[in-house]
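Once you have looked at the hints, place chain S on chain Z.
Number of protein chains: 2
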Amino acid sequence: MTYRINRTRLWESIEHSATIGASKNGGLDRVSLTDSDRQVRDWLKRECSDAGCIVTTDDMGNMFARRRGCDSNRSPIVVGSHLDSQPSGGRYDGVLGVLAALEVIRTLNAFHVNTRHPIEIVNWTNEEGTRFPPTMFGSAVFSGARSKHDAYEVKDQYGNTFLHELERIGYRGPEVCGDHPIAGYCEVHIEQGPILEENHFQIGVVTGIQGMRWYNIAIEGIAGHAGTTPMHLRRDAMVGAANVIERFRQLSIEYDPSAVVTAGSIAVSPGSRNVIADRATVTLDVRHPNRNSLDDLERAFEYEIEQIQNKFGLEIRLDRILASDPVEFDPRCVDAVRTAARSEGVSHLDLMSGATHDAANIAPIAPTAMIFVPCAGGVSHNEMESITPDDACAGTQILLRTIFQYDEILS
Amino acid sequence: MTYRINRTRLWESIEHSATIGASKNGGLDRVSLTDSDRQVRDWLKRECSDAGCIVTTDDMGNMFARRRGCDSNRSPIVVGSHLDSQPSGGRYDGVLGVLAALEVIRTLNAFHVNTRHPIEIVNWTNEEGTRFPPTMFGSAVFSGARSKHDAYEVKDQYGNTFLHELERIGYRGPEVCGDHPIAGYCEVHIEQGPILEENHFQIGVVTGIQGMRWYNIAIEGIAGHAGTTPMHLRRDAMVGAANVIERFRQLSIEYDPSAVVTAGSIAVSPGSRNVIADRATVTLDVRHPNRNSLDDLERAFEYEIEQIQNKFGLEIRLDRILASDPVEFDPRCVDAVRTAARSEGVSHLDLMSGATHDAANIAPIAPTAMIFVPCAGGVSHNEMESITPDDACAGTQILLRTIFQYDEILS
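Chains as they are written, first to last, in this note's numbering: chain Z, 216 to 626; chain S, 216 to 626.
One chain only, chain Z, in its complex shape:
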């Protein structure tokens, strides 16, 4: 027989979550360790307890809600995501993953299904990182990628530390963060990109997470009067920036369709209407599923910068300020998701995640996979973020099936 998750119940819990820290325009303002974060945590705790789970919290505020397995020696299969949001974020980013996990537990309860492994819902602390940067604090400390001490000391813009705020909302738990073996991890998440929608697939089978590099590009020219400096005598930093941005775009397109290159912000000095710019700083975000390709692109950028320097008489520096290597998920787990989707008869596409997720932190310490659900227009980190109940339901149903697979294949 096939167990079916309860579509109405799932959607109602998502709608309820959206009332906690609701923002003006139908989104969420539920930034980590604020009062509304506490409220949604309190609500999750009640719902999980009501579903018969034992809820524990670690000293990073990560919350686990355990449904017993038949074999009490086994580590749990952990499913979830995060309930915090961007300051004007959407209702589904992270939320769907936690509440799909809750729906899975409720379905197991409804059908009195026993699993070998315990099943646990997780709500990771401070995934968004807008208040306490960078992103994915809770899972990073959990996996050992980041020191707890350093995380505790990070301050928000008003000078309050992460630790202070964690204690203030009452979610510094007794369990030592990371002292919590897990058998496997699966995360449902909205795609936050347009690929599924554009190509008419209902489910993304996530094979891993792209590598990412962040750069600052500093361009130095010479200031001059806009009216009196002939074009051929200029060393215009703004023109340098324009050429860098457009050429890097072309390079990424020439490279392969998996490369994405974004110049998201620029600062120009002196920034005056009638003065030739002497300095421009451009930020660059480069992603690719393959590490060697990131190296290739970096070399191509360096070469291009030399051309632009020479052509326009500028000094240009490319500083890499962050590099995260691509993550490949566990092939057995990815295959479990793929098989689940196939069994459900749902159209599905293998893809790499362009955005990063808590799963990137967990993958090195436990067999991991992710399930993507399309979001309208690929829009995310935005109050307009939108998904359909159909897709949410399909993602959750596939999560349920995936867990049964995990329960069989993982030790």
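The hints are all genuine.
Simulated restraints, written as ranges between beta carbons of each label pair:
id	chain 1	residue 1	chain 2	residue 2	range
1	S	His415	Z	Ser539	47 to 57 Å
2	S	Asp511	Z	Asn431	35 to 45 Å
3	S	Glu469	Z	Glu517	28 to 38 Å
Keep in mind that the hints were calculated from the coordinates and are not lab data. Note that this is a predicted model, so its numbers are computed, not measured. The beta carbon of each residue, even a glycine, is placed where N, CA and C say it ideally should be.
Frame of chain Z; chain S shown alone:
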């Protein structure tokens, strides 16, 4: 015989001016209608009185210092510029023109030379316009290009009006601004550009002032996640801005060597490192000596914008926010400068001014010319602004000769 101006005296007065409102790095912070503006005005008044001039001030604060002519029916030949500076401006911009005029008067005194016309030094109020925008208030009201009432009401960033501050420093004079016929006008000024230096000329014979147009370019795209939006699905406003900036540069170079096009400032929204920009605003400054050419360029920009819109799926708007037509100086006056330079045996080049000056306001109401002196690297509006005593001296000597010519040819 040839009367020679006194190089030491000229340079000393320039050095003295630089002590009033001196900025940290050797430049000037002598913004209009501040206490240091009052101080330099008081000093000028004393020096002019000591030189036997009668000093009057009009109700815009423009100061005139008259040396009597033989024919009391004649209107004065007016020479000068402005003593106010940018907040971190140079020592010579404007200052040289006023103090060259003072040196001419002193030289006439020293050699007991009589002229037919009275000779007047002028110090125009608020040429820079940084505190009370836009530029060239004093000469604009004088010539009727701007209403005095409107000028009076302009506020600085702290809410003080121009009139309030003019009265505060005690320089709202009794004379009605503009009620002051003038026979001819000549202004010595630093070039504020690199042409003379690059081409090894000591003096610029300024034939007029370029036309100028200011535009705002608004580019609308669609925001998206930097990691998840494939390149071919993007509508990236930053990429649109980069293409506009670089293509407009190319268009101006293809057009003719007199065209100059500058994108001096840019604002991008949301301006986040990992978000594709949905909006960019670029400012554009376009100058050319010829009005029709400005029209040509504007049409070329409009056409190019259409191409870029279509290529990148963006909405782009070009708004012209200011247009000033080219000014041609009086051919007799320009010839007087050219003849003076030739007689002095000084290398000289005819050129259009790229920057605008008080002379642009006076040209429509009186025969006008300008004399340019090179400045190092073309750098101006900058504490690093620098000229040589040799060049300052040559410019002033040519001003003296030009005034003799004016005195003969003007009625």
